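Peer 1: Each chain is listed here by its residues.
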Amino acid sequence: MQVKEYKPLIVAFCCNWCSYAGADLAGNNRLNYPADVKIIRVPCSCRVNPMFILRAFQRGADGVIICGCHPGDCHYTSGNYYTRRRMAALFSMLDFLGIEKERTRVEWVSAAEGAKFAATMNEFAQTVASLGENKRLEDLRCKK
Amino acid sequence: MQRVGVFVCWCGSNIAGTVDVAAVAEALKNEPGVVFSTDYQYMCSQAGQDIIKNAIAEHNLTGIVVCSCSPRMHEATFRKTAAAAGLNPYMVEIANIREQCSWVHKDMTTGTEKAIILGKAAVAKVNLNTPLTPGESPVTKRALVIGGGIAGIQTALDIADAGFPVDIVETKPTIGGKMAQLDKTFPTLDCAACILTPKMVDVAQNEKIRIFSYSEVEEVGGFVGNFDVKIKKKARYVKEDICTGCGACVDKCPMKKNPNEFNLGMDNRPAIYIPFAQAVPKVATIDPNACNMLKNGKCGLCARVCAAGAIDYTQKDEIIEEKYGAIVVATGFNPISMEKFDEFAYNQSKDVITSLEFERLTNAAGPTAGHLERPSDGKSPKTIVFVQCVGSRCDACSEKGKEYCSKICCMYTAKHAMLTRDKYPDTDVYVFYIDVRTPGKNFDEFYRRAVEEFGVKYIKGMVGKVTPEGDKLKVQASDLLSNKQLHIDADLVVLAAAIEPDKSARPLATMLTASMDTNDFFTEAHPKLRPVESPTAGVFLSGACQGPKDIPETVSQAGAAASKVIGLLAKDKLTGNPCVAHSNELMCNGCSSCERVCPYGAITYEDKEFRMPNRTTKIRRVASVNPAVCQGCGACTVACPSGAMDLKGFANSQIIAEVDAICK
Ligand SMILES: Cc1cc2nc3c(=O)[nH]c(=O)nc-3n(C[C@H](O)[C@H](O)[C@H](O)COP(=O)(O)OP(=O)(O)OC[C@H]3O[C@@H](n4cnc5c(N)ncnc54)[C@H](O)[C@@H]3O)c2cc1C
Ligand code: SF4
Ligand code: SF4
Ligand code: FES
Chain W
0 MQVKEYKPLI VAFCCNWCSY AGADLAGNNR LNYPADVKII RVPCSCRVNP MFILRAFQRG
60 ADGVIICGCH PGDCHYTSGN YYTRRRMAAL FSMLDFLGIE KERTRVEWVS AAEGAKFAAT
120 MNEFAQTVAS LGENKRLEDL RCKK
Chain P
0 MQRVGVFVCW CGSNIAGTVD VAAVAEALKN EPGVVFSTDY QYMCSQAGQD IIKNAIAEHN
60 LTGIVVCSCS PRMHEATFRK TAAAAGLNPY MVEIANIREQ CSWVHKDMTT GTEKAIILGK
120 AAVAKVNLNT PLTPGESPVT KRALVIGGGI AGIQTALDIA DAGFPVDIVE TKPTIGGKMA
180 QLDKTFPTLD CAACILTPKM VDVAQNEKIR IFSYSEVEEV GGFVGNFDVK IKKKARYVKE
240 DICTGCGACV DKCPMKKNPN EFNLGMDNRP AIYIPFAQAV PKVATIDPNA CNMLKNGKCG
300 LCARVCAAGA IDYTQKDEII EEKYGAIVVA TGFNPISMEK FDEFAYNQSK DVITSLEFER
360 LTNAAGPTAG HLERPSDGKS PKTIVFVQCV GSRCDACSEK GKEYCSKICC MYTAKHAMLT
420 RDKYPDTDVY VFYIDVRTPG KNFDEFYRRA VEEFGVKYIK GMVGKVTPEG DKLKVQASDL
480 LSNKQLHIDA DLVVLAAAIE PDKSARPLAT MLTASMDTND FFTEAHPKLR PVESPTAGVF
540 LSGACQGPKD IPETVSQAGA AASKVIGLLA KDKLTGNPCV AHSNELMCNG CSSCERVCPY
600 GAITYEDKEF RMPNRTTKIR RVASVNPAVC QGCGACTVAC PSGAMDLKGF ANSQIIAEVD
660 AICK
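These protein sequences, in sequence, are chains W and P.
Quick note on numbering: numbering that gives the first Met the number 0 labels position 60 of the first sequence as 59, and the sequence is numbered without any gaps.
Quick note on numbering: numbering that gives the first Met the number 0 labels position 628 of the second sequence as 627, and the sequence is numbered without any gaps.
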């Protein structure tokens, strides 16, 4: 029996100052990572509202990753500290609701870490793929 | 409904190599709002930009999406193109199909599929874009420097040199700070007064600089370019403009026994005093707690001897209001109190002193006219023990000291030890240290000279206890390298006390909404890239108020802060970033959540009147964002529990539209 290859859908929120630039650098260096990863640019990782993450899962995303500057390096000094705290709370709540912790992640990627960006995305996509499709939060009314 | 144009770039083969650009343009034609879609070899070229401009005119476009390289590359270019065609530049969105698509994916199908989705997300976003205009605000071309130490002095001189007026506010009766109290300075050993006092005179004579000495900042309002500041000039009971600084009053004042702050209480001064001979401004000040005339209405001698008639016992504090474009904090540091360090017998013996007191004892203008004498009996000490790191590098849990390294103590202790051996070669000098830290130009050489040339005995280990016995100080210490207990009979013990920010810094930081670290040092906007700016726009940092620093470092930071201020004041108008937060006042419940997370203090509250359903009105407290101060991070938007706070250019609805487009 032939199984259609399962492709996870991954949304990556990247802060403008470090991680988005890190992703650009991965491209500049022609480093591969799965096309399943789609990036949304935000000014700072602290702009990511838990609502956006819930929305992504409702719409059928299989994994959500938030990338920001390393602690202490946030362009706005403290934004990523808020991110860290907020996301820790959100992720454990999501875990409680059945969205496994492995499907959500916060990662610090600097503008110089193109390789880290690509490696992170490869590894994250693999982890999410091994969990299979996310059905828990999917809101069928959201799907056409 | 928006009328969107889509422009897919080939970037030669950079994009077209792995993305079927025509297919992308075709697929995006069917997206909501799209009325025009095309592809071209190089969108950023003149010809490419003309395609965009013509399409805007021809199809009446209200928004455009360029599928091309990273927005970090050409967002600015395409915004200009749009503006040139009469479209608001913020109606442009970029789909990054090069760095984040064609360059990372190897085959055409994958690349094309992903490029289409990224394009759809950009279209979904641009459909919700609104025209944005950056706010403009005027700049008051005057700077305020708070603190008149070497940091404040240098900053003020540099700003004035560029032609801008500067005011210095200094709490003490004179400017000069700690450097005025020092004797000689490492690493060159030139005398502090010889290099500082000419600068103080320059300040006094510079037409662009006003000095508010014996004054404090009372209130700060406004924002970058437009600060409103209230300065309290404390009554000194002497008319500054009339006093010539002759000192006749100082000689005649009968209330002579008041601890002299400038000499750290090691001698006395009269109730009316001039801190030191080269004080700037050189005017007398009456200490209201010591003056018999001010306390009991009896005396009035100084008024009688003052030939200029400068004494005014009825003087009151005065409030000065002024506008500034930029504020520089230069409030410096102080050695910590030795009260809690009982083991060193600082409170029991006059012959246990701090390093700053040692500076005064060796200073020719100090209480002993520069002769190294024991404070207790005036004898010259034969054995001196210096203890480094007193209160520095303490355990996190220790309540006595500070966790950080005070940075300057290793060098000034080497200086003290060296100078002592140089002037009094028959003195035995010991230095107890945890580590000797001497990074800096010519610093390690300096320390090694102390050891090798001047025979200072450096011992790795801490002093455990100092006990006064007779006229000696019994010093018990351990030598960690030879693992021995040492007992030294010392005549003088000098403690290199940790340094801490001035106590007034914390309330000042609150007034300025400038942030501080846990040790009350001011924090910089970015530790590496913006080291002299505070996170609050228009507030700059100079000198030891930002962290322990020696004079060379202080002066370079002072110059750097000045150049930032000059850059700001040279502008006629400040153009802001229009992607700022704004709160919907109908939804805001005034909870203050947003204000607490804003790193820039951009959010304030206003009482506003709202119309209620039953024809009544109600006053509610609502958040309001100052667009000139907001930097657009978005922290507040997430903190807001009622969903009232949103960010222009990255609105909740826009990001959700992108999520939806990607997850379809
Ligand atoms: C014992 C000792 C020896 C030293 N020897 C050397 C040396 O040999 N070589 C060297 O390079 N460095 C030396 N230093 C370091 C040197 O003193 C500092 O680098 C320098 O003084 C820092 O200057 P500053 O202007 O930042 O701070 P400060 O000198 O502390 O000046 C700050 C000024 O601000 C004023 N102020 C504070 N709060 C307010 C307020 N709220 N409003 C208005 N005004 C305010 C203060 O009254 C003061 O005048 C030594 C330090 C010590 C303690
Ligand atoms: S977006 Fe950031 S800077 Fe602007 S008001 Fe909100 S928290 Fe403050
Ligand atoms: S967090 Fe929201 S509701 Fe609370 S004060 Fe700020 S804008 Fe108003
Ligand atoms: S700007 Fe990158 S995390 Fe804040």
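Hints may contain errors.
[What the hints assert, rightly or not] Simulated crosslink set (BS3-like; lysine-lysine; CA at most 27 Å straight-line): (1) W:K6 <-> P:K663; (2) W:K6 <-> P:K105; (3) W:K115 <-> P:K401; (4) P:K663 <-> W:K100; (5) P:K527 <-> P:K401; (6) W:K134 <-> P:K663.
Read the hints as simulated data drawn from the structure, not as lab findings.
Nothing here was measured: the structure is a model prediction, and the numbers come from that model.
Peer 1: With the threshold set at 27 Å, check whether the alpha-carbon distance from K6 (chain W) to K663 (chain P) stays at or below it.
Peer 2: 14 Å, holds
Peer 1: Please work out if K663 (chain P) and K100 (chain W) have their alpha carbons no farther apart than 27 Å.
Peer 2: At roughly 23 Å apart (the allowed maximum being 27 Å), K100 (chain W) and K663 (chain P) satisfy the hint.
Peer 1: So if I understand the rule, the pair passes when the alpha-carbon distance is 27 Å or less; does K527 (chain P) with K401 (chain P) pass?
Peer 2: 23 Å, holds
Peer 1: If you draw a straight line from the CA of K134 (chain W) to the CA of K663 (chain P), is it 27 Å or shorter?
Peer 2: 15 Å, holds
Peer 1: Hinted pair, alpha-carbon criterion (27 Å max): K6 (chain W), K105 (chain P). Please report holds or violated.
Peer 2: 17 Å, holds
Peer 1: Hey, K115 (chain W) versus K401 (chain P), does the alpha-carbon distance stay inside 27 Å?
Peer 2: Cα-Cα ~37 Å, so violated.
Of the numbered hints stated above, the single one contradicted by the structure is hint 3.
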